[in-house]
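Residue numbers (full-length UniProt numbering), protein chains in the order written: chain H, 1 to 276; chain B, 1 to 276; chain A, 1 to 276; chain C, 1 to 276.
Worth flagging that the hints you see were computed from the coordinates, not collected in a lab. Everything numeric in this text was worked out from a predicted model, so none of it was measured. Positions of the beta carbon are idealized from the N, C-alpha and C atoms, including for glycine. Accuracy of the hints is not assured; some may be wrong.
Stated by the list, open to error - Reference excerpt, derived from the structure (chain H facing chain B, CB under 7 Å, subset only): (1) M44; (2) V48; (3) T67; (4) T71; (5) Y189; (6) T196; (7) Y200; (8) G201; (9) D202; (10) P228; (11) T229; (12) I232; (13) I236; (14) A237.
Unchecked claim - Below are the BS3-like pairs computed for lysine-lysine, each with C-alpha atoms no more than 30 Å apart in a straight line: (15) K147/A x K147/B; (16) K26/B x K83/B; (17) K147/B x K147/H; (18) K26/C x K147/H; (19) K147/C x K147/A; (20) K26/H x K147/H; (21) K147/B x K26/H; (22) K147/H x K147/C; (23) K26/B x K26/A; (24) K26/A x K147/A; (25) K26/C x K83/C; (26) K26/B x K147/B; (27) K26/C x K147/C; (28) K26/H x K83/H; (29) K26/A x K26/C; (30) K83/A x K176/A.
Residues per chain are reported as follows:
Number of protein chains: 4
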Amino acid sequence: MPTTQSADWRYRLHEIIYESNTRAGKAFDVGLLIAIFTSILVVMLDSVESLHRPCATLFNRLEWFYTFLFTIEYILRLVSIRKPWRYVFSVLGLIDLIALIPSYLSLIFPGAQALLVFRALRLLRVFRIFKLAEFLTEIDFLTTALKGSLRKISIFLLTVLTLTVILGSIMYLVEKRENGFSNIPESIYWAIVTITTVGYGDISPVTPMGKFVASVVMLIGYAIIAVPTGIITHDIAMAARKRKELPESCLNCGREGHESDALFCKHCGASLFVGR
Amino acid sequence: MPTTQSADWRYRLHEIIYESNTRAGKAFDVGLLIAIFTSILVVMLDSVESLHRPCATLFNRLEWFYTFLFTIEYILRLVSIRKPWRYVFSVLGLIDLIALIPSYLSLIFPGAQALLVFRALRLLRVFRIFKLAEFLTEIDFLTTALKGSLRKISIFLLTVLTLTVILGSIMYLVEKRENGFSNIPESIYWAIVTITTVGYGDISPVTPMGKFVASVVMLIGYAIIAVPTGIITHDIAMAARKRKELPESCLNCGREGHESDALFCKHCGASLFVGR
Amino acid sequence: MPTTQSADWRYRLHEIIYESNTRAGKAFDVGLLIAIFTSILVVMLDSVESLHRPCATLFNRLEWFYTFLFTIEYILRLVSIRKPWRYVFSVLGLIDLIALIPSYLSLIFPGAQALLVFRALRLLRVFRIFKLAEFLTEIDFLTTALKGSLRKISIFLLTVLTLTVILGSIMYLVEKRENGFSNIPESIYWAIVTITTVGYGDISPVTPMGKFVASVVMLIGYAIIAVPTGIITHDIAMAARKRKELPESCLNCGREGHESDALFCKHCGASLFVGR
Amino acid sequence: MPTTQSADWRYRLHEIIYESNTRAGKAFDVGLLIAIFTSILVVMLDSVESLHRPCATLFNRLEWFYTFLFTIEYILRLVSIRKPWRYVFSVLGLIDLIALIPSYLSLIFPGAQALLVFRALRLLRVFRIFKLAEFLTEIDFLTTALKGSLRKISIFLLTVLTLTVILGSIMYLVEKRENGFSNIPESIYWAIVTITTVGYGDISPVTPMGKFVASVVMLIGYAIIAVPTGIITHDIAMAARKRKELPESCLNCGREGHESDALFCKHCGASLFVGR
Chain H
1 MPTTQSADWR
11 YRLHEIIYES
21 NTRAGKAFDV
31 GLLIAIFTSI
41 LVVMLDSVES
51 LHRPCATLFN
61 RLEWFYTFLF
71 TIEYILRLVS
81 IRKPWRYVFS
91 VLGLIDLIAL
101 IPSYLSLIFP
111 GAQALLVFRA
121 LRLLRVFRIF
131 KLAEFLTEID
141 FLTTALKGSL
151 RKISIFLLTV
161 LTLTVILGSI
171 MYLVEKRENG
181 FSNIPESIYW
191 AIVTITTVGY
201 GDISPVTPMG
211 KFVASVVMLI
221 GYAIIAVPTG
231 IITHDIAMAA
241 RKRKELPESC
251 LNCGREGHES
261 DALFCKHCGA
271 SLFVGR
Chain B
1 MPTTQSADWR
11 YRLHEIIYES
21 NTRAGKAFDV
31 GLLIAIFTSI
41 LVVMLDSVES
51 LHRPCATLFN
61 RLEWFYTFLF
71 TIEYILRLVS
81 IRKPWRYVFS
91 VLGLIDLIAL
101 IPSYLSLIFP
111 GAQALLVFRA
121 LRLLRVFRIF
131 KLAEFLTEID
141 FLTTALKGSL
151 RKISIFLLTV
161 LTLTVILGSI
171 MYLVEKRENG
181 FSNIPESIYW
191 AIVTITTVGY
201 GDISPVTPMG
211 KFVASVVMLI
221 GYAIIAVPTG
231 IITHDIAMAA
241 RKRKELPESC
251 LNCGREGHES
261 DALFCKHCGA
271 SLFVGR
Chain A
1 MPTTQSADWR
11 YRLHEIIYES
21 NTRAGKAFDV
31 GLLIAIFTSI
41 LVVMLDSVES
51 LHRPCATLFN
61 RLEWFYTFLF
71 TIEYILRLVS
81 IRKPWRYVFS
91 VLGLIDLIAL
101 IPSYLSLIFP
111 GAQALLVFRA
121 LRLLRVFRIF
131 KLAEFLTEID
141 FLTTALKGSL
151 RKISIFLLTV
161 LTLTVILGSI
171 MYLVEKRENG
181 FSNIPESIYW
191 AIVTITTVGY
201 GDISPVTPMG
211 KFVASVVMLI
221 GYAIIAVPTG
231 IITHDIAMAA
241 RKRKELPESC
251 LNCGREGHES
261 DALFCKHCGA
271 SLFVGR
Chain C
1 MPTTQSADWR
11 YRLHEIIYES
21 NTRAGKAFDV
31 GLLIAIFTSI
41 LVVMLDSVES
51 LHRPCATLFN
61 RLEWFYTFLF
71 TIEYILRLVS
81 IRKPWRYVFS
91 VLGLIDLIAL
101 IPSYLSLIFP
111 GAQALLVFRA
121 LRLLRVFRIF
131 KLAEFLTEID
141 FLTTALKGSL
151 RKISIFLLTV
161 LTLTVILGSI
171 MYLVEKRENG
181 FSNIPESIYW
191 AIVTITTVGY
201 GDISPVTPMG
211 KFVASVVMLI
221 GYAIIAVPTG
231 IITHDIAMAA
241 RKRKELPESC
251 LNCGREGHES
261 DALFCKHCGA
271 SLFVGR
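Model the full structure from these sequences, guided by the hints.
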């Protein structure tokens, strides 16, 4: 714990910016979130033609105000930790940098205003608000549960993609180009639109055989949504059960991990309740 | 319990209107529900041009009949409880008031007939019918289970909204205005339409890159529906288990998890009710 | 068991038609199913203009062949049971009658061919094939599980309908008639199309406020599908567990219904495994 | 194990091609997968008009290169096993043959280029990559779980198909041909599009009665997706439990349900491995 005065303000700054334990820390987080929300709102409204024309100057000034604000915040973050490079290359640090660069680029390259939309990526900061104590356990629990399913979900998505390539190619052969299925990539796009049950209707089969193939794609998409749901439901139940396991260790052998309905230690056979 | 005659009729009125234990109480509830249903039917039919022109006078008279009926009911509710203000500011009381006001406003401001549709809010009364004994346990059980998931579902919805803002902004950059994605709010609306797999087709990508981004959005929407399903399924199972189990632990071995109709501990055989 | 000769053939006929234990019984069932499938195929093809014109006579003759076939079958069913009226008024009996009547009506009232499509209802017979032994336990299990959920699913559907009426009415107010939302019933239809995530696109909001309301409807529809899924998943697990319970009754008190991990009878406290 | 030199190279070839234990085997698998991916990419790009015209010769040469490559691979597979016919008639062998034949056919029958799309079927080889050790247990587990549900899912799909035939026929009667529901097969196609919540919008009801029937179809499709989800979720949980449990029962108390890493019975404390 630093005792000199310069390290003292650095420590207090670090507490305010990076931590949310103190009142100032929480206030900083909330204020930052409000700034992010409103800056994104400005970018959104600026893209609407009917609002852009009358308010262009106002929006431009607000944009530079926010860029200034976030630049100050970025600098403060850099100075209040020992190893600034760790923040620069962390996920949050890179997001903040990517959100700042377009504004400065637009000075050098006029017309890069469109890039200002990268600020939307700052919305990922909204997840920091979840550090507030009352949400902590739920998010923690959810992310632990979902990390386990990630591999099985990837396999599932890979299978779905393979199906769409095969079924899309079959559809391309059947509908033969005059009906919107002009090439294989378009047909694969149609298969994705259909198997996810989104169904825009911008491309849809016309021939009877095509409608039959389409029906097969639709029924597959409708039924297999059950698979990732079953996987994730199972993993959530598993994570909840692990949380529920007896935390006590066996008095005899010291091992943990006993099921909540166990009477005897599965590792050494001793009773779990002797002397309790 | 009031014994004087005036308090006597007030008590009996309260029993009829607010309670559904007696025959009169049940009949009142059913009659009220029929009145609400038919009044909403009148508003619905009145909005159809082909029915409005010939039947306008009939609908108008029915409207005033229902307004009169519900006003009487509102007054009766006020007089049959000790603290009328508690009803006025309760959820059901506010709903009833909001449903009555438009009719009177239309006297002062002609052309406010459109506001009569607020009567649809009275449909929320339909949930009162669930107080009938046979449904009571199921609704109770369901709402208890769902209250627990409410927080996790909110986090999930917040995540989905963040994704739609980010993906919608990316789509706006890619499709560049000529294809229906005229500004960022429109693009975010498109992202919501796609990630929920509704897929109207009023706006859909045209460029190959846009279709690629759209495919990503669709696959995300298709897969992550599993998350709230897993959460709610888990919470329903938990609520059912809690309902079935006696909270007490066995006096002999200390274990919990006894079914609600058990007399002896299934783990050690001791009586569950000794000394209780 | 009848011993005279006339009752003998009646019994054998009953065995063939109503039971599927014998080879003849199974063959009858399969033959009947093939007849139903092909007769429905004929009705389907007859409705296609390009096939109807050249083949009208052929289809007409096939139609009468099938009508004759199913009439014979109906008569055989009537004569091979003791109380014919029980079949006439059973569900399957009424379906068979409704499927036969249109053909005869078309003799009296020409142009009633369209009614021939009622034959599609005979497809409900396809569920009889499930009496084949290998499917029996699965169907039995599924229907038992689902009967229990029926009440909760009804409450859920009622809630969804109430939401669509309220949200549809709000949309009608917002979009004000010029955008396809011409009256309240149309708006409620739009709300059902959107909340079930079907999303035809025949009606869709145009105003920004309308798109905001639509987004709320879509997110609600997307999230609440988890509720009936959780209910049904839970009921299937419950039904499976009941099937798994120890079938043995307690040696001491004779009661059944012990959980599969119980050591002592929850009703009387005696050990479940004494002498086993 | 062969000891002569000719059988020696044949054994090593078999190890490389069919097995993925050795480094060479893994490298072969990965190389083959890259070849398959890129060959499919070539077929996809060749179908796009704007790319086909300038690059037709290049694509043609790449096509023949891949055909040559896969033919060599097919021959190598045949020579490196004892009974070549077993590969020719295995699933993977037939897929490889079907993917090769179109290229040769296009020599004899010009204009059969479209058949080159059958190469997409080779994508099914992508599932071989899952033999990599780290995925093995997950795929194994998933496929075991899903095989059990296959029967129940088939019953469910059959029920959905029956519903679409019946509801589609009803819709045909109601909308009477002028609204896109030109014949019964078209109406059944509409019913499938609607009950799977895809909702293209190419055909949609216009009459009020038709919209009412459509609402029923949509609500059915929305609610019954819960059934296969419940079935599969249950089967995944069952498969996971079986995987985790030792099948043996405790020699002392006869109970089952011991975790796979348990040494002592959790119910009575006796060793699980005495005398085994």
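- So which hints don't hold here, by number, going up? 3, 4, 23, 29, 30
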